[in-house]
Amino acid sequence: MATTRPFKNVVVVGAGPAGLLLALLLSKHGIPVTILEMSHQLDQQPRAAHYGPPAMPDLQRAGILDELRTKGLSLNKMTWRRYEDCSYIAGFDAGVLSDVDGDDWRTVSFPLQDLDQLMLDHFVEKYNGDVKWLHKVLDVGQDSEKAWVDVETPEGKKRIEADYVVGCDGANSQVRKSLFGNEYPGFTWDAQIIATNTYYDFEKKFGFDDANFIIHPEHFFMAAKLTADGLYRITYGETPGLSIEEYKQRQQWKFETILPGHPKPHEYNMVNWAPYKMHQRCAPKFRVGRVLLAADAAHLCNPWGGLGITGGFVDCGGLYDCLAGIWDGKADESILDLYSEKRIEKYKTIIDPMSQENFRRVSDKDPETRYDRDEFMHLLTKGETDKAFLKDLLMGSFDVRYDFTQHYKDAAKTTA
Numbered sequence: 001m002a003t004t005r006p007f008k009n010v011v012v013v014g015a016g017p018a019g020l021l022l023a024l025l026l027s028k029h030g031i032p033v034t035i036l037e038m039s040h041q042l043d044q045q046p047r048a049a050h051y052g053p054p055a056m057p058d059l060q061r062a063g064i065l066d067e068l069r070t071k072g073l074s075l076n077k078m079t080w081r082r083y084e085d086c087s088y089i090a091g092f093d094a095g096v097l098s099d100v101d102g103d104d105w106r107t108v109s110f111p112l113q114d115l116d117q118l119m120l121d122h123f124v125e126k127y128n129g130d131v132k133w134l135h136k137v138l139d140v141g142q143d144s145e146k147a148w149v150d151v152e153t154p155e156g157k158k159r160i161e162a163d164y165v166v167g168c169d170g171a172n173s174q175v176r177k178s179l180f181g182n183e184y185p186g187f188t189w190d191a192q193i194i195a196t197n198t199y200y201d202f203e204k205k206f207g208f209d210d211a212n213f214i215i216h217p218e219h220f221f222m223a224a225k226l227t228a229d230g231l232y233r234i235t236y237g238e239t240p241g242l243s244i245e246e247y248k249q250r251q252q253w254k255f256e257t258i259l260p261g262h263p264k265p266h267e268y269n270m271v272n273w274a275p276y277k278m279h280q281r282c283a284p285k286f287r288v289g290r291v292l293l294a295a296d297a298a299h300l301c302n303p304w305g306g307l308g309i310t311g312g313f314v315d316c317g318g319l320y321d322c323l324a325g326i327w328d329g330k331a332d333e334s335i336l337d338l339y340s341e342k343r344i345e346k347y348k349t350i351i352d353p354m355s356q357e358n359f360r361r362v363s364d365k366d367p368e369t370r371y372d373r374d375e376f377m378h379l380l381t382k383g384e385t386d387k388a389f390l391k392d393l394l395m396g397s398f399d400v401r402y403d404f405t406q407h408y409k410d411a412a413k414t415t416a
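Mapping of the sequence shown onto UniProt numbering: residues 1 to 416, in sequence order.
No lab work stands behind these hints: they were computed from the structure.
Backbone N, C-alpha and C define an ideal beta-carbon position, used for all residues, glycine too.
Calculated pairs, DSSO-like style, for lysine-lysine (alpha carbon to alpha carbon, straight line, at most 30 angstroms):
no., residue 1, residue 2
1, K285, K409
2, K285, K132
3, K28, K8
4, K409, K28
5, K365, K382
6, K158, K126
7, K387, K204
8, K277, K254
9, K342, K409
10, K177, K342
11, K382, K205
12, K285, K158
13, K330, K126
14, K204, K248
15, K277, K365
16, K157, K285
17, K146, K157
18, K248, K264
19, K342, K146
20, K391, K71
21, K277, K177
Using C-beta positions, here's what the derived DEER-type ranges look like:
no., residue 1, residue 2, range
22, K77, S243, 34 to 40 angstroms
23, P185, T70, 39 to 45 angstroms
24, G30, F376, 39 to 45 angstroms
25, Q45, K158, 26 to 32 angstroms
26, E375, D332, 38 to 44 angstroms
27, E375, L138, 44 to 50 angstroms
Can you make the complete structure from the sequences, with help from the hints?
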């Protein structure tokens, strides 16, 4: 006799990294899922490209981590440097995470548009996943029986129904706005950053490591390896309040000023350039009845330290555990309230304060004394000679995770 499931299907709004990971996890578990995406294709802009250790278990559960490590780059050394001469202040070698009880939890670098494509391919080809392109969400509604999404499509307006609707539709989430209007508590930094993908020989010429953070109040930047052939993500600070055209015109001067070797334009090859504002925001709730939020639709943080993309993936792993628990009869709907409560708690106690500290570290007003005032850097120095201590310190990042399966009903009490 076929098992009667507590619900039939899930609609995920947004074919970005969070929506694709959640859809992949759900479909791998046999839960019918449809993705609605307003664009006609995946986003090709340079965005996050480094996925931190806490996200690795969820990428592994989705069945893509091995392929991601093969195609991408596992990062080891990460350092903070002085602006004047790029000399070393503090850092660590994440090689200690390459074998954690047989698992490799090191940060992986891989362009996000390529990771999105990898997840989309798995979702469609392995699990016959359903993606509806050019489906723009106008509104979301629900009653006691179901939820629905009103969408605009090339064929006109439609209503698509599901048992649950999950907003993975980013910072400007229409799903979140359907729940809370323009309410997205938090703040926007009075700062401007520019993200680029650039070929420049940081390693051989200047002895840079896999990821490098240069501390300065005005000219702070990050240079982190993206690919094995010498492509780096260079993210740098700019003067707030200028136009996009002005930022573009200043880019050559900026690189010549801030990068080691003070390169002229012919000495590097910049393949992508995109300006970003930075935010620290969190929705009032991540669950309202049958409608849920995850990743940037639910919370935002600045990109320093990669806690935005990493935290978004961890959201999706947790929400998957909650929905799979309901699907399998191991949990009731109240576990979704726990999802909202615990993920908000992790944002407020870890993602928000840590990402703020990461940005304040790299943009410190007095770089000369930063080390003296920075407890984290002191711990890294201790870790240089004590690998067991360093491993424990870096594994502390896993505190952003939460195991929702501990709230499943006792296995002995469940009936087949």
